[in-house]
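One-letter residues, chain by chain:
There are 2 protein chains.
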Amino acid sequence: MLLMIPGPVQLHDRIIRAMARQMIGHRTREFSEILEYCTEVLKELFGTKHDVFIISGSGTAGLESAISCFSNVKRITCIDNGKFGDRLGKIAERYTEVDVVKFEWGRSIEIDEVERSLAEGSDAIAFVHNETSTGILNPAKEIAKIAKEYDALVFMDAITSVGGDYVEMDDWGVDVAVVGSQKCIGAPPGLCAVAVSERAWEFYNERCPFYLDLEAYRKKLNDLQTPYTPAIPLFFALHEALKIIEEEGIENRIRRHRELSEFVRRWVVESGLELFPELNEFSKYSNTVTAIKMPRGVSDGELRGEMRKFGILISGGQEHLKGKIFRVGVMGNVTFRDVLTTLSCLERILVKRGVVKPVLSGLI
Amino acid sequence: MLLMIPGPVQLHDRIIRAMARQMIGHRTREFSEILEYCTEVLKELFGTKHDVFIISGSGTAGLESAISCFSNVKRITCIDNGKFGDRLGKIAERYTEVDVVKFEWGRSIEIDEVERSLAEGSDAIAFVHNETSTGILNPAKEIAKIAKEYDALVFMDAITSVGGDYVEMDDWGVDVAVVGSQKCIGAPPGLCAVAVSERAWEFYNERCPFYLDLEAYRKKLNDLQTPYTPAIPLFFALHEALKIIEEEGIENRIRRHRELSEFVRRWVVESGLELFPELNEFSKYSNTVTAIKMPRGVSDGELRGEMRKFGILISGGQEHLKGKIFRVGVMGNVTFRDVLTTLSCLERILVKRGVVKPVLSGLI
Numbered sequence: 002m003l004l005m006i007p008g009p010v011q012l013h014d015r016i017i018r019a020m021a022r023q024m025i026g027h028r029t030r031e032f033s034e035i036l037e038y039c040t041e042v043l044k045e046l047f048g049t050k051h052d053v054f055i056i057s058g059s060g061t062a063g064l065e066s067a068i069s070c071f072s073n074v075k076r077i078t079c080i081d082n083g084k085f086g087d088r089l090g091k092i093a094e095r096y097t098e099v100d101v102v103k104f105e106w107g108r109s110i111e112i113d114e115v116e117r118s119l120a121e122g123s124d125a126i127a128f129v130h131n132e133t134s135t136g137i138l139n140p141a142k143e144i145a146k147i148a149k150e151y152d153a154l155v156f157m158d159a160i161t162s163v164g165g166d167y168v169e170m171d172d173w174g175v176d177v178a179v180v181g182s183q184k185c186i187g188a189p190p191g192l193c194a195v196a197v198s199e200r201a202w203e204f205y206n207e208r209c210p211f212y213l214d215l216e217a218y219r220k221k222l223n224d225l226q227t228p229y230t231p232a233i234p235l236f237f238a239l240h241e242a243l244k245i246i247e248e249e250g251i252e253n254r255i256r257r258h259r260e261l262s263e264f265v266r267r268w269v270v271e272s273g274l275e276l277f278p279e280l281n282e283f284s285k286y287s288n289t290v291t292a293i294k295m296p297r298g299v300s301d302g303e304l305r306g307e308m309r310k311f312g313i314l315i316s317g318g319q320e321h322l323k324g325k326i327f328r329v330g331v332m333g334n335v336t337f338r339d340v341l342t343t344l345s346c347l348e349r350i351l352v353k354r355g356v357v358k359p360v361l362s363g364l365i
Numbered sequence: 002m003l004l005m006i007p008g009p010v011q012l013h014d015r016i017i018r019a020m021a022r023q024m025i026g027h028r029t030r031e032f033s034e035i036l037e038y039c040t041e042v043l044k045e046l047f048g049t050k051h052d053v054f055i056i057s058g059s060g061t062a063g064l065e066s067a068i069s070c071f072s073n074v075k076r077i078t079c080i081d082n083g084k085f086g087d088r089l090g091k092i093a094e095r096y097t098e099v100d101v102v103k104f105e106w107g108r109s110i111e112i113d114e115v116e117r118s119l120a121e122g123s124d125a126i127a128f129v130h131n132e133t134s135t136g137i138l139n140p141a142k143e144i145a146k147i148a149k150e151y152d153a154l155v156f157m158d159a160i161t162s163v164g165g166d167y168v169e170m171d172d173w174g175v176d177v178a179v180v181g182s183q184k185c186i187g188a189p190p191g192l193c194a195v196a197v198s199e200r201a202w203e204f205y206n207e208r209c210p211f212y213l214d215l216e217a218y219r220k221k222l223n224d225l226q227t228p229y230t231p232a233i234p235l236f237f238a239l240h241e242a243l244k245i246i247e248e249e250g251i252e253n254r255i256r257r258h259r260e261l262s263e264f265v266r267r268w269v270v271e272s273g274l275e276l277f278p279e280l281n282e283f284s285k286y287s288n289t290v291t292a293i294k295m296p297r298g299v300s301d302g303e304l305r306g307e308m309r310k311f312g313i314l315i316s317g318g319q320e321h322l323k324g325k326i327f328r329v330g331v332m333g334n335v336t337f338r339d340v341l342t343t344l345s346c347l348e349r350i351l352v353k354r355g356v357v358k359p360v361l362s363g364l365i
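As you go down the protein sequences, you meet chains C and F in turn.
Be aware that the first sequence starts at 2, since it is given in this note's numbering, and climbs by one per residue.
Be aware that the second sequence starts at 2, since it is given in this note's numbering, and climbs by one per residue.
Do not rely on the hints blindly, as some may be mistaken.
The list that follows gives simulated cross-link-like pairs (lysine-lysine, DSBU-like), each with its CA atoms no further than 35 Å apart [what the hints assert, rightly or not]:
#1 C:Lys84 <-> F:Lys146
#2 F:Lys220 <-> C:Lys325
#3 F:Lys91 <-> F:Lys146
#4 F:Lys142 <-> F:Lys44
#5 C:Lys221 <-> F:Lys75
#6 F:Lys323 <-> C:Lys221
#7 C:Lys103 <-> F:Lys221
#8 C:Lys142 <-> C:Lys91
#9 C:Lys294 <-> F:Lys146
#10 F:Lys103 <-> F:Lys44
#11 F:Lys75 <-> C:Lys220
Hints in this document: simulated from the structure, not taken from any laboratory.
Using the sequences and the accompanying hints, generate a full structural model.
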């Protein structure tokens, strides 16, 4: 099955082979070298000179580690314009007071409303950079800028942007950011990484979960180790995935993600379908996932079911968007051929039902 | 390198190959079937008819999930007679009041002292079944029995016993138990499982960490899914590891662990080395790891360094036991040949230094 969902992504052959090996001890030089290499490349991808910690757990574990470890704040503004923004709020409320600034899913963030929440007494803010549930790239730089005016600590869910789009934590003034392994980095799921500015440690809360306590990770990283047994096969895979990224070059990789996603969007618009996101002057379409309104006369079950018959997995909408949108992920080591195959099949299914025009061959 | 450490263990070829495949979607029937199979076999290994939840994270994540989710208790007695007992206390103190009942590492648990702590006002107890830091099998059944007299909730760290020794949660009256994937189950590290009695839910604390909240796992398991993206390659591996266990038969597997560990202990004693644990009427030697006193005139660095030259990894002591003991793990799909190879090399190194007698060939 070709995975064209917003993670887990299709693995490069080299990454599959990297996992197919015997275990090693995790307190050995060999493991330390892998950990060191991964940490250094991830710093580049996050755009930070500061700490990066790799945790054996999903992206959600990384987000909780980030928020809980630096939860010594009075109140955190959580921006919710999609499922993952909503999740940030749910995680944060276990640790501190939360003010959720909510926008209808699919709509863009209004900076004024964010500022109002900050002005009302938040000393921290959390937002999703690339909201895969709706296909929107939220304005990270602008949010961090306004947060700076209020001296607020900035948390960014960069789970689906790091490795596929520009992330410049230090330049933008983001204090804590999180990435997942199974998205634009192109590795299998099961690891996440948290990048932490120096300033964030002023907000360190020792009552964070034991397993997610970055202070323990920091201490052990001095010996190039992890505090608890790491998921070794996933480290083998991440190591190879990051080597592939270095070989491709980060700029080239981001360009590829952008061009492929632009191609998907061009097909959507020209074929007569509608993109789901409502943009404003700050937001952009995601360059790693495209959310498309479900055309009338086709059900989610039919569309995705027929795609599965073609051997391709795409995503539906989440929560109340189920049945209203479908989503095509373009993440990791995805190729033009993968995108073309996907759109060909989509076009075939939708043309047959008379809901789109056949335009694909003219776009290539 | 042959891994003869108490986890991660050497992988069976079939398990290595099981990981070497393309990703699948985690919201698919294929993944659900894997999750269902793994959950059912784990129930057998835990000796429970109740819930088992698999978490993407190390054994420590599983312990924290167990304790934090059911931390609606007044006070928890944590038994510490080794590094992992100590860890239980450190995790528990983030969530509730803790009374640590401490024994010198390497000594056995005195049930009377445990009872005193319970009588003084604990309504929960946590202990390590198989303490790998010292090579002791703690008396799970006796601890659970005394806990029952005080109606206390019973947490058991079974990370290194499940799959290698008898664990009968329901029979013994253990409420919550945890296993790690990379120990006696024989899979790679990165997954853990938490088994939960019905009664434990009476102590459910909704303020547990979001990522480790078993209520979310319980809801999603109804649809045979996990709440967050699972570490898919590790599920492929666990699935294969559990198939191997089913093929071997649980009884046979436990017998193999016992016989191999007995063989290690016989060699230790006959060669003139000393076992580290001090047993009492309740405790036993671990059947999955053997802790041996470091003989005079040999340093930890020398012994383990020379073993590494032979291509074999064994463990040293942890924390203050560093340099005082060394440990040989016999876990998972380990064979008699692996044990023999290990003891041959140990004997060669130690005979050369004149600290043991060559007895191995006479024992085979």
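Going through the hints against the structure:
| no. | hint | verdict |
| --- | --- | --- |
| 1 | C:Lys84 <-> F:Lys146 | 46 Å, violated |
| 2 | F:Lys220 <-> C:Lys325 | 24 Å, holds |
| 3 | F:Lys91 <-> F:Lys146 | 24 Å, holds |
| 4 | F:Lys142 <-> F:Lys44 | 18 Å, holds |
| 5 | C:Lys221 <-> F:Lys75 | 33 Å, holds |
| 6 | F:Lys323 <-> C:Lys221 | 17 Å, holds |
| 7 | C:Lys103 <-> F:Lys221 | 26 Å, holds |
| 8 | C:Lys142 <-> C:Lys91 | 24 Å, holds |
| 9 | C:Lys294 <-> F:Lys146 | 60 Å, violated |
| 10 | F:Lys103 <-> F:Lys44 | 31 Å, holds |
| 11 | F:Lys75 <-> C:Lys220 | 32 Å, holds |
Of the hints listed earlier, those the structure fails to meet are numbers 1, 9, in rising order.
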